[in-house]
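Just so you know, the protein sequences line up as chains P and C, in that order.
So the first sequence is residues 1 to 269, counted in this note's numbering.
So the second sequence is residues 270 to 544, counted in this note's numbering.
Keep in mind that the hints are not guaranteed to be accurate.
Claimed, not checked - BS3-like mimics (lysine-lysine), calculated; alpha carbons at most 27 Å apart, straight line: (1) C:Lys544 with P:Lys266; (2) C:Lys337 with P:Lys266; (3) P:Lys70 with P:Lys106.
Rather than coming from a laboratory, the hints here were simulated on the basis of the structure.
Only a predicted model underlies this, so the values are computations on that prediction, with no experimental measurement involved.
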Amino acid sequence: MSMDIAVDGLVFTYPSGVTALGGITVSVPAGQRLAIVGQNGAGKTTLVRHFNGIFQPTEGTVRIGDWDTKGRDIAELAARVGYVFQNPDEQLFARSIRDEVGFGPKNLGVPADEIEARVTAALARSGLVGMEDTHPYHLSLSERKRVALASVLAMETPIVVLDEPTTGQDARGVALIGEVVAELAAEGRTVVAITHDMDFCAENFDRVLVMADGRVIADGTPAEAFSRLDALEDAHVEPPQLERLRTELGWAEPVMSVDEFVGQLKTRA
Amino acid sequence: MTGVHYAYPDADHEVLTGVDLSVDAGQVVGIVGASGAGKTTLAKSIAGFIPHSEGGELTGSVVVDGLKVADATLAQVVSRVGLVTQNPFNQISGAKYTVREEIAFGLENLGVPRDEMSERVDAVGTRLGIRELFERSPYALSGGQMQLVAIASMMIMAPRVLVMDEPTSQLDPSGSRLVFDIVNGLADDGTAVVIFEHKLELLREHADVLHVLADGVIARSGSAREVLADPRTDEWGVGSTRFTRAARRAIEQKLLPATTALPVSLEDAKAVFSK
C-alpha cells in the first residue's frame, strides 16, 4: 500500500478560538521530498503535527496511506510517521543515547538484536558514531538535535517529518542532514521538512509549499515556488542566495544550486 | 580577554585553549566556528556564567567594561553583560504568566518604577514587532516567537555588552534581518555586541569584525569578507555562502580569473559576476 499523505479541507482552530489553518488541501505522494517554508506563525508546524496525530482536524481530513488520522492515536501513527521536533528537549528523555534511540523501535516490538543494529545505523547516519553510552544532556544543542533525528530514523517509518532540522547546525551538520534527506528519498520514504534555510531547501527538495496565515499560497518545484515573488513577499520568504544573484544579473532561467549557476555561467562565457 | 583557558569541572580537556579577544564599545563582533569549537563556552565566559555558575577552572584574564570578571560577583557582571542563550526555551523565567511580564521581569527585579517599566516594555516590543504577543503565555509561543521574547528580555536591560549565542537560529529570514538591524542600532548607541552565528551572509552585511573559533582558539580575525574568503573555512567547519562556493567553482573551471576576490554577499557577488 502506498503511504501517501492526503490533506483535504483541513481547518484547525485552537481551543482559544485562534484559527491556525484556514482550509488546506494538499497531497504528498510517497517518496517525495517536500519542504514547507513561511514566516514564524504561518501554521507550518501546526500542519505537520496533524500527520502524526498530535493535532486532530477541526474540519476536513488527514489521511496517511489508508488511515484517516481521526480516531488514531499518536502511538499508532508513530509506526507510519516519524516526527523530529524543532526543540530536541521536547523529545529527549533517556539516560543514554542507546536507550533514547532504541526506545521507538522497542515500542514497535522490534527484537533486541535488531534494535541494536538500528541504533548503530541511525547514529552513523546522524553523525554520532560510537556515542551510544553518552548521556544526551552532555551534548550540545546541535548534537541533541541529531540524537532526536537518529531516534526517528531508527523507527524506519515510511514518512519522516523534520521540523527545522538545520537550526543551529554548522556547515557540516547542514550537509549531513541534506545527505539524510537524499538517502531516505532513495529508499522510497517520504520526507517533509519545515525550514527557514532556503538554500538548503532549493538544493535538497523536490517540492516547496509556501505558507502564510494558515494557508498554502504557492506550491511547486523549488524553481517554480521561488519564482512566485508575490507569494514569497506575502510569506516573508526570500529566494535562495544564487536565485537572488541570477535575478540581479538579469538571467532568465532559475538557479537552484551551485552546479546550475556555474552551468549557466558557462553558456554565457 | 587575554590568554583564556577553560575546562569544565571533571573534564579531561580544555574547551578554550588560549583565547585572546577584544571588543570595543559600539562594535558588532561576529564569531563563527564548527559545533564543538567552544562558542557557547566562550559566550558564557564573557558573560561571567563561566566560571561563576558553571564552576571549572578558568585561567587568563577576562575584563568587561573595566570589571575583572574573576574578582567580581556574578551580579556585578550581569549588570553589565546580557547573554541571550542559544536555546530560548531555557531562558524563559518560568515565573511569569504573560510575555509582557516576562520581558519586564529583569527591570522589576531592579525595582524600576512601574510607568517607566511599562514604557520600556512597549518600546522594546515595538522594535521587535512582538506587541501582539504581550498577553500570551511565554510557553504558548513558537520557537521563533520565543527567541524574540528572549532577545527583548535582554535588550530591555540595556547592558553595556550584549552577548548573543545563535540568536536567530529559530527565526525566519525577515526575523533574522530584523535582529541584525537592531544589533547595529544598539552598537550605534555604544553597546558592544558579540554575536555567535552560522548565517554568514548576515554577518558579512552586519558585523564590523569576524573571528573564527576553532579548537578553542581564535584561528582567524578580520573583516567578514576577508575571513570568509579564506580557503580554510571548510577545514574550520564554518562553511561558505553559495556566492563564495559559486565563485570558487567558477575559478576552478577558469570562468573567473584566479585572482578574483571571493564574494560573500549578494552585493559582492553581483560585482564579481557582472563583469
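Hint-by-hint comparison with the structure:
no.	hint	in the structure
1	C:Lys544 with P:Lys266	14 Å, holds
2	C:Lys337 with P:Lys266	57 Å, violated
3	P:Lys70 with P:Lys106	25 Å, holds
Comparing the model with each numbered hint stated earlier shows that hint 2 is the single one that does not hold.
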